[in-house]
Amino acid sequence: MPSADATPILQIDTQYGGPYAGTSVEVSPAAADHFNQAASKATGVLPGEFVPFTPGEHFSIACPTTPLARPAFIAAYQHLRAVIDDDHEIVLSHYPRLYSTGLLDPGVIRGVPTYIPKARMPVGFFGRTHQLEVFQGKDRIAGPTERFFHSQTSGVVFDQIEDGHGRLVIEMRGDLTPLARRGEVVFFTDPAFGEPTGVVLLGPDGAATPIAWDLLGWDRVGDTTLFLEWVAVGVRPSGRSAVLEVAFARAGTGVAAALYSGHTRDTAFRVDATVLPAAR
Amino acid sequence: MTDPGPAQAAGIKVRGLTDVRSVREILWPAFLEGERERWALDYRQEVDMPRLRRETGAQSPGERPDVLLVADPLLFARLGVVAPVDATAEGPRPAAWVDRENRWVSVYVQPIVAIHNAIYSQPPRSWLELAATPWHGRLVVEAPARMLTTGPALAELAAALGPDVWLPWLHDLAAGGLRQVADNERAVLEVATGARWAGLANWNVARRVRPGSPVRHVFLDPTPCVPAFAVAVDGGTAPELGHRFVRWLASAAGQAAVRRTGRLPAADIEVPPAETAPVIPPGVRTAVGTADWVAEPDHWVGVFTSTFGAETDLQAGKLRD
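Which chain is which? The protein sequence lines are A and B, in order.
The first sequence: position 257 = 257 (the working numbering), numbered continuously.
The second sequence: position 253 = 533 (the working numbering), numbered continuously.
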């Protein structure tokens, strides 16, 4: 359905629960610089596509959508605004984001999390549930829906991603209850690593449980590929902390991040994560 | 026992470097065994010393903590709100840790160990080796000028290494790109990821890693041991109870409880009891009370600031919950 100015209306993809919002993320100076440098060197960056990252704590508002041609999606994105509690209006195009393109077709975009500095919101906003609506112009495309906006300590805390031989190791703690209930962890991993070849959840007793995963898309700026976005499904930890090991076929250094309903520290949103050659 | 009075019935407010579990689940319940009331404890782990000094120096007495567990007691005593405590400390203490005015008492001791990522490196073998080229750009420590653990540890090494070696060694560490962070937890975190290959941490944090972690620790010779002090604050909500808690921490019962937290009680540092397993490996000496950093911290802060640079945007570790 076209809007009044002929920009198509974005359709929310509900496969993973519709719009997700409130994940807390620490963007390090190195991570901000990494994405800003990539954008400055990329070709084919469309007007309105990229907004520079700044270091600091951010929260995300994400709109997974049915795939749409890249120029049309970027044009539509300029008209998106999130309204929280009928009180706070956030124009999403003012804030940094990385567009996620189709797995097989880089010409379409399937969604995008936008990263908004936490300082934009009032004191006491985080660590609570809020009502979220997303509008494209005057058209409401998502909500109203309740979402929890995380503080540094609420929900799952993704503490660190460790380098390893043929793998990366992700350590989580905090309140793992929502993770055990839904079982999903979103990953961003560098093209240098290739696609994941195996995921296991390590229990407190060292037992390894194989975990399935779905590839979601390749996040790009212009025609530069930044990372593979994918989701581990069926992650159901017990106890107060959990460890995921993700195997990759290729050694390399680059982006690795893990996110879910909670807080991702800068040590779990790395641009220098390293998969070392697999141990013989 | 002095009647604590109705204003004290709610309990006391304690702030400090010690981890939450040790204070809430081990020390406080042990203290209550000798009390008539089940006093409540308001404890928060705090490594941001400027923030803690602001809280301690609050004009409104009710906002002040009653007891502090800190590494740099003089900086708090200067606020003019620290009360002398007539505590009889169990066991001998190094003279450099004892205050003639009884404003602080050493409670436990932290050995400072070298940590390393076993995927990337062999363990460092000596203090001097840490300044060598292979470690350049690879080391991370809690900022020495904060005088929490790394600063006191480096100060303790001054006598052991000798002044002609120590200061050039510090400059070599700085020239090698030593990374400074807010606390030991962050240092361990950065070594765990592989972003840094080695660093320093107190023993208690260094060994608190998950099974399978690539982080290992080693006791270098000599191993500096850094005390944590208990300080009673005037003008809190429960001064009598606060004083009793400080006295108890220094006592035989308090030191036994400290031992149960997995730490080295201060009473054990000069004469380790035979029944306790040795923490410091045989053959490794300790550097204990060899420098005046407790009574004269400004000198050491000046040395570390001029050597390693001012603190900017230090990143904290896993202390937020």
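Keep in mind the hints are simulated off the structure, nothing from the lab.
Incorrect hints may appear among the rest.
Stated by the list, open to error - Derived lysine to aspartate or glutamate pairs resembling EDC-like cross-links, with alpha carbons at most 16 Å apart:
| # | chain 1 | residue 1 | chain 2 | residue 2 |
| --- | --- | --- | --- | --- |
| 1 | B | Lys-598 | B | Asp-328 |
| 2 | B | Lys-598 | A | Glu-26 |
| 3 | B | Lys-598 | B | Asp-299 |
| 4 | B | Lys-598 | A | Asp-175 |
| 5 | A | Lys-138 | A | Asp-86 |
Stated by the list, open to error - Restraint ranges, calculated between C-beta atoms of paired labels, are given here:
| # | chain 1 | residue 1 | chain 2 | residue 2 | range |
| --- | --- | --- | --- | --- | --- |
| 6 | A | Ser-241 | B | Asp-578 | 38 to 44 Å |
| 7 | A | Gly-234 | B | Pro-448 | 53 to 59 Å |
| 8 | A | Gly-198 | B | Glu-315 | 53 to 59 Å |
| 9 | A | Gly-127 | B | Ile-399 | 50 to 56 Å |
| 10 | A | Ser-40 | B | Gly-589 | 27 to 33 Å |
| 11 | B | Ile-399 | A | Gly-206 | 15 to 21 Å |
| 12 | A | Gly-198 | B | Asp-444 | 29 to 35 Å |
| 13 | A | Pro-106 | B | Gly-589 | 40 to 46 Å |
| 14 | B | Val-378 | A | Arg-250 | 57 to 63 Å |
| 15 | B | Arg-324 | A | Ser-40 | 40 to 46 Å |
| 16 | B | Arg-490 | A | Thr-129 | 27 to 33 Å |
| 17 | A | Gln-78 | B | Pro-403 | 51 to 57 Å |
| 18 | A | Gly-206 | B | Arg-487 | 16 to 22 Å |
| 19 | B | Glu-343 | A | Val-123 | 53 to 59 Å |
For each residue, glycine too, the CB sits at the ideal point set by N, CA and C.
Each hint, compared with the structure:
1. Lys-598(B) x Asp-328(B): 13 Å, holds
2. Lys-598(B) x Glu-26(A): Cα-Cα ~14 Å, so holds.
3. Lys-598(B) x Asp-299(B): 11 Å, holds
4. Lys-598(B) x Asp-175(A): 14 Å, holds
5. Lys-138(A) x Asp-86(A): Status holds; Cα separation ~14 Å.
6. Ser-241(A) x Asp-578(B): 38 to 44 Å: 41 Å, holds
7. Gly-234(A) x Pro-448(B): 53 to 59 Å: 56 Å, holds
8. Gly-198(A) x Glu-315(B): 53 to 59 Å: Given about 55 Å between the Cβ atoms, the range holds.
9. Gly-127(A) x Ile-399(B): 50 to 56 Å: Distance hint for Gly-127(A), Ile-399(B) is violated at roughly 36 Å.
10. Ser-40(A) x Gly-589(B): 27 to 33 Å: With a Cβ separation near 29 Å, Ser-40(A) and Gly-589(B) satisfy 27 to 33 Å, so the hint holds.
11. Ile-399(B) x Gly-206(A): 15 to 21 Å: For Gly-206(A) against Ile-399(B), whose Cβ atoms are near 18 Å apart, the range 15 to 21 Å holds.
12. Gly-198(A) x Asp-444(B): 29 to 35 Å: Because 55 Å falls outside the window, the suggested range is violated.
13. Pro-106(A) x Gly-589(B): 40 to 46 Å: 45 Å, holds
14. Val-378(B) x Arg-250(A): 57 to 63 Å: 59 Å, holds
15. Arg-324(B) x Ser-40(A): 40 to 46 Å: 43 Å, holds
16. Arg-490(B) x Thr-129(A): 27 to 33 Å: With Cβ atoms ~31 Å apart, the hint holds.
17. Gln-78(A) x Pro-403(B): 51 to 57 Å: Holds, since Gln-78(A) and Pro-403(B) (Cβ atoms, about 55 Å apart) stay within the stated range.
18. Gly-206(A) x Arg-487(B): 16 to 22 Å: Hint holds: Cβ distance 18 Å, inside 16 to 22 Å.
19. Glu-343(B) x Val-123(A): 53 to 59 Å: 19 Å, violated
Taken one by one, the earlier hints fail for this structure at numbers 9, 12, 19, listed in ascending order.
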